[in-house]
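At the far end of the sequence shown sits residue 103, using this note's numbering, and the numbering has no gaps.
Because the hints were derived from the structure by calculation, they are not lab data.
Here are the computed distance ranges between Cβ atoms for each label pair:
#	residue 1	residue 2	range
1	Y102	L31	33 to 43 Å
2	S22	D94	39 to 49 Å
3	A90	Y40	22 to 32 Å
Cβ coordinates follow ideal geometry from the N, Cα and C atoms, glycine included.
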Amino acid sequence: MRVMIKAIFPVVAANKAITDGSLGDTIGSILSDLKPEATYFGLQEGARTAFVVVNITDSSEIPRLVEPFFLAFNASVECFPVMVPEDLIAAGPDIGATVQKYG
1 MRVMIKAIFP VVAANKAITD GSLGDTIGSI LSDLKPEATY FGLQEGARTA
51 FVVVNITDSS EIPRLVEPFF LAFNASVECF PVMVPEDLIA AGPDIGATVQ
101 KYG
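Build out the structure end to end from the sequences listed, making use of the hints.
Have a look at this one:
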């Protein structure tokens with residue numbers, strides 16, 4: 001199952017990592033461990049934010065995915081399931097059955 005992790009880095013913690021030169025190495029290390037399908041960086045809530053898409057097979061993997069962001073940056077982290085178009089197409093019959101039953 002694909003999961004998107006959104007990690008919002010507090011400005012003070014991210015600024016410290018930038019000024020001491022550790023930001024790139026730390027993010028690189030985390031991403032090397034997570035082996036993401038895709039990674040994007042942007043702004044959310046006025047702070048630097050990472051959006052990381054990974055594949056998991058069990059919910060017990062979630063701590064392994066999010067703890068590095070908590071520990072390294074004191075980040076605010078959310079994770080939620082996401083789909084690519086092929087996943088949505090595959091879900092079509094189930095969506096149709098649900099519409100028939102509850103719609």
